[in-house]
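Asker: Note that the protein sequences, when read in sequence, are chains A and B. Using my numbering, the first residue of the first sequence is number 1, and each one after it goes up by one. Using my numbering, the first residue of the second sequence is number 1001, and each one after it goes up by one.
If you are wondering where the hints come from, they were derived from the structure by calculation, not from laboratory data. Among the hints, a few may not be true.
From chain B, some residues computed to sit far from chain A (all C-beta separations above 12 Å) [said to hold, decoys possible]:
no. : residue
1   : L1080
2   : D1132
3   : F1179
4   : G1211
5   : Y1216
6   : V1238
7   : A1239
8   : I1244
9   : Q1266
Covered, in the sense of this in silico footprint (three residues per stretch, anywhere, with C-beta under 8 Å from a C-beta of chain B), are these stretches of chain A [what the hints assert, rightly or not]:
no. : region
10  : 71-83
11  : 98-108
12  : 167-173
Calculated lysine to aspartate or glutamate pairs in the EDC-like style (CA-CA distance at most 16 Å, straight line) [what the hints assert, rightly or not]:
no. : chain 1 : residue 1 : chain 2 : residue 2
13  : B       : K1294     : A       : D71
14  : A       : K45       : A       : E3
15  : A       : K213      : A       : E15
16  : A       : K45       : A       : E161
17  : B       : K1294     : A       : D86
18  : A       : K45       : A       : D86
These figures come from a predicted structure and were not determined experimentally. Idealized CB from N, CA, C, for every residue including glycine.
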Amino acid sequence: MIELDNVAYSYGGAELFSQVSLSLTAGSFHFLTGPSGAGKTTLLKLCYGALLATAGQVRLFGDDAATMDRDAVAMSRRRIGVVHQDCQFLDHLSVADNIALPLTVSGRDSEAASNLTDLIGWVGLRGQAAQLPPELSGGERQRAALARAVIMSPDVIIADEPTGNVDWDMSQRLLTLLIELNRMGKTVIIATHDMNLIRAAKSQVTTRVLRLKDRRLMQAGVEL
Amino acid sequence: MTRFFALIAGDPQADRAVPPTGFTARLTLFSAGAMAFLAVFAMALSMATGRLADRWADELARTSTLRISAPADQANAQLLAAVEVLQTTPGVAAARPLTPDEQRALLAPWFGPDLPIEDLQIPQLIEIIEEDGGYDAAGLRARLQAEVPAAILDDHTRWRDPLVLAANRLRNLGWMAMFLIGGATAAMITLAAQAALSANAQVIRVMRLVGARDVYIAGAFVRRFTLRALTGAAAGTVAGMSAIWLLPTTDAAGGFLTGLGFQGWQWAWPLIIPFLAAAVAFFATRAAALRTLKEQS
Chain A
1 MIELDNVAYS
11 YGGAELFSQV
21 SLSLTAGSFH
31 FLTGPSGAGK
41 TTLLKLCYGA
51 LLATAGQVRL
61 FGDDAATMDR
71 DAVAMSRRRI
81 GVVHQDCQFL
91 DHLSVADNIA
101 LPLTVSGRDS
111 EAASNLTDLI
121 GWVGLRGQAA
131 QLPPELSGGE
141 RQRAALARAV
151 IMSPDVIIAD
161 EPTGNVDWDM
171 SQRLLTLLIE
181 LNRMGKTVII
191 ATHDMNLIRA
201 AKSQVTTRVL
211 RLKDRRLMQA
221 GVEL
Chain B
1001 MTRFFALIAG
1011 DPQADRAVPP
1021 TGFTARLTLF
1031 SAGAMAFLAV
1041 FAMALSMATG
1051 RLADRWADEL
1061 ARTSTLRISA
1071 PADQANAQLL
1081 AAVEVLQTTP
1091 GVAAARPLTP
1101 DEQRALLAPW
1111 FGPDLPIEDL
1121 QIPQLIEIIE
1131 EDGGYDAAGL
1141 RARLQAEVPA
1151 AILDDHTRWR
1161 DPLVLAANRL
1171 RNLGWMAMFL
1181 IGGATAAMIT
1191 LAAQAALSAN
1201 AQVIRVMRLV
1211 GARDVYIAGA
1221 FVRRFTLRAL
1231 TGAAAGTVAG
1241 MSAIWLLPTT
1251 DAAGGFLTGL
1261 GFQGWQWAWP
1271 LIIPFLAAAV
1281 AFFATRAAAL
1291 RTLKEQS
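Next comes chain B alone, as it looks inside the complex:
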C-alpha cells in the first residue's frame, strides 16, 4: 500500500527528467478509455447472463408440469387420479392443478386476454414442485402410464439444460472478453511505453551517465503510464456506466437485451475497472521498461 501511494505521489524530479511524449500519452489515454468502455459492457453482459442462468436454473430446475389430455367426461377423474399419484410420489413436494385463470394467462400471448377457455378442449396442467432431491421421473412416468394414461410428464429437462448451458456460456464469454480486453490494453500500453522509451533514448543515456539505476528510470515511465491508464480508464468507465444506465429498463415483457446492465450492488463492480487498468499499465510498463533498459545497456 505504501508503494502504491508512493507511486501515486511520485517523484516530481524524476518525472521532470523524462519529457512528456505527446502521442504516447494520447494513445494510452484513448486506448485505456476505449477498453474500459468495452469492459463495462462485457461485465454487464456477463452479469446479465449470469442472472439469467441463475434464474432459469433456479426456477425451472425444481418444477415440472403434468399435462392431461383426456375427453371431457374423463377429465375430472384423470385429474384426481393424477393428483393422487403425485401426492404419493416420493420427492414431490406439492402438486397443484392450474386454475382456468392461470391457464388463460399462459395462452394470452397467443390468443389474447379474453379467451373463453371453458369452451375449449385444452389440456389440464398440473404444476409439480419437487423436493431438494427431486423424484424418480422414469418411475413416475411408469406409474402415470398405468394409472393416468392421458397424462404426459414434462420435467423441463429437454429445454432447461440447453438454456442454462447457453446462458452460462454467454457469461463465460463475457469474462473471456474482459480478459481479452485486459490483454489488448496491456499490449497497447506496452507498445506506447516502448515508443516512449525509444523516443527518450538520449534522456536514458544521460540519466545512466549520472548514476541512475534502472528501477529509477523505469519508475518515471511506469508512474506516467499508470496514471494515464487510470485517468483514461476512469473516463471510459464513467462513459460505459452512463451508457448502461441509459439503456431501457427491464419490464415485465423485457427480454434479454433490456435486462443488460447491473442491479443493486452490481453497480459497484465496474468501479474496479480503472484500478485494474492501472494495474495492467503498471506491470506492462514496468516489464517493457526494464526489458528495454536491459537491451539498451
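Extracted from the complex, chain A is given alone in its bound form:
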C-alpha cells in the first residue's frame, strides 16, 4: 500500500528524521508514537503525499511520490482517509455535507445519499447531521472526521492524534470504530501519545507499534 524506503525529511536545513523505512501492508494496524516535535505528523504527511521526502523514496500504491503529478497525488488521496486532530472541516457546510465532501469532489455524489445515512448512523451523529461543525463537541467532531475519512471506502486510514481532544470513553469509542474498519481489511495507522489507547488496542487486534525518537523510527519497546 504505502512504503517508505530509507526516507529522510529536513525542514529549514535541520533534519527532522532520516533512515526511516516503513511498509503499511494491506490489513495491517500500526501505532506511531514519540515525543512532541519528533516528526510524527510530518511522517504521516509523507504517507499521504502532502509532503515530499528530502531523501529516500516514498511509494504510494506502487508509485514514487516524488514523480507523481498533482492529479495522481489527488487520486491517491481518494484511497487514503485522513483524520486530523483538528479535524479540518469546512465550517460553512453541514456535518453531513462535510462527511460527503470526498464523494462530492470525486464526482460520486449520487452515492452519497445511501452511504451517507448509514455512515452517519455508524458514527452516532444522526442528530447532528444538519448542524455546522463549530456546533459539535470534540468527540463528535472526531467521529465526523472519521466518517469523512472512510466514506470513500479507502484502502488506508491515517489518523493523527484522533483522540487528542476527547475523553477516555470517546477515545475507546473511536478506537472501536477504527478496529472495526481494520477488521474489514483496511490498513490503519494512528499517531498518538496515549499509551492506554495502544494497550487497549493490543488486547483486541494485532498491532505494530512504532516509535519515532532521536530522528529514527524503531519498533517500540516491551513496556507496551
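Following the hints, position chain B against chain A.
Answerer: Relative to chain A, chain B alone:
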C-alpha cells in the same frame, strides 16, 4: 459548447464548498460593469469614426473641383473651354458646372440664404467625377494652364488625406481602448480571484485533503467569477447602450459628436461585450487559480 453549458450549469456542490467572498464579488461585478460601460463608448467611437473615415474616403476620393476665376467677359468662354478639356481628359467620368443655386447653397453658411450671387464676382466651380482609375492630375493641370489659364484644379488630396488619416487613427484608438479595457478587466478580475483564493486557503487545504484535483477546485472559482463578470458586464452594457441611445440624434447640421453611436445592425455589436467579459474572466480566473494552487502546494 458542451463545456460552456456545463460551466453555466455548474456543480452546485462544488460551488457550495467555496463560500462566497463578499468584497471580491462586489469588486468583480462593479469592475466588469464599469468596464463594459466604457467599452460600449469605445466601440461607438470606433464605429462612428469608421463611418466618418469611410464617408470621407468614399465621397471625396473620386471627386475634384475646378475653380475658374476669370473676368466677367471671359467667364463663359473659359467655362466652355474648361468643360471641353475635362471631357477629353482620360479618367474623368463627368464634369458639371455648379448651378447658381448650388453655389449659393455652398456660401449660405457664411453669407446667409439670400445671397445675390449673380451680382457678385465669384469663381465658377466645376465638379469633376473621376473614373475608378482616376486621372493624371499633373497632366490635366498642364493642359488647363495652356488652354484655360484662369482655372485652378483642386483634387482634394491636400485636405482629404489628413482627414481620412485622422479618422482612421481615431478608429484605431477606439479599438485600442477596447483592448486596454479588456486588459484592465482581466487584471482586476485576476486580483479579485487571487484575493478570493487567499481568503479560502483553508477551504482549499480541506478539499485537497479529501482528494480534490486542482481543476475541480479552480472550477468552483472560475464559474463564480465568470458568472459575476457576465452579470456585471451585461448591466454595464445595457447602461452604456442606453446612454448612447439617449445622445442627440444626427441631423443635417450634425457634427462628429452627434454622430457618436451605432447605426442599424451595429447595435448588435455591443451585445458581445458581456460574453467577451465572461471569456476574459474565465481565462483570467482559471490562470490565476491554477497558478495559485500550484504555489500553495
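Asker: Against each hint, give a clear statement of whether it holds in the structure.
Answerer: Here is what the structure says about each hint:
Interface exclusion of L1080 (chain B) from chain A stands, the closest Cβ pair being 88 Å apart, more than 12 Å. Every CB of chain A lies more than 12 Å from the CB of D1132 (chain B), the least distance being 63 Å, so the non-interface label holds. In this structure F1179 (chain B) is separated from chain A by more than 12 Å, as the shortest Cβ-Cβ distance comes to about 34 Å. Not every Cβ of chain A is farther than 12 Å from the Cβ of G1211 (chain B); the closest lies at roughly 4 Å, contradicting the non-interface assignment.
Look at Y1216 (chain B): its CB is around 6 Å from the nearest CB on chain A, not clear of 12 Å, so calling it non-interface is violated. Once the 12 Å rule is applied to beta carbons, V1238 (chain B) is consistent with being away from chain A; the minimum gap is 33 Å. The non-interface label for A1239 (chain B) is consistent with chain A: the shortest C-beta to C-beta separation is roughly 34 Å, beyond 12 Å. For I1244 (chain B), the condition that its CB be more than 12 Å from all CB atoms of chain A holds, with the nearest at approximately 43 Å.
Distance check on Q1266 (chain B): its Cβ is at least 45 Å (rounded) from any Cβ of chain A, clearing the 12 Å threshold; non-interface status holds. Figure legend: the region 71-83 of chain A, annotated as covered by chain B; annotation consistent (6 residues with Cβ-Cβ distances under 8 Å, at least 3 required). A stretch counts as covered by a chain when three or more of its residues have a beta carbon under 8 Å from one of that chain; for the region 98-108 of chain A and chain B the count is 5, and the coverage holds. With a cut-off of 8 Å between beta carbons, the region 167-173 of chain A has 0 residues touching chain B; three or more are needed, and the interface restraint is violated.
In summary, the hint linking K1294 (chain B) to D71 (chain A) is supported, as the alpha carbons are separated by about 12 Å, within the 16 Å threshold. For a cut-off of 16 Å, the pair hint linking K45 (chain A) to E3 (chain A) stands: about 13 Å separates their Cα positions. This hinted pair checks out: K213 (chain A) and E15 (chain A) have alpha carbons roughly 13 Å apart, not beyond 16 Å. For the hint linking K45 (chain A) to E161 (chain A), the alpha-carbon distance of about 13 Å falls within 16 Å, and the restraint holds.
For the hint pairing K1294 (chain B) with D86 (chain A), the CA-to-CA distance comes to about 24 Å; that exceeds 16 Å, so the pair is violated. Simply put, K45 (chain A) and D86 (chain A) have alpha-carbon atoms about 15 Å apart, close enough for the 16 Å limit, and the pair holds.
The structure fails hints 4, 5, 12, 17 (numbered hints given earlier, in ascending order).
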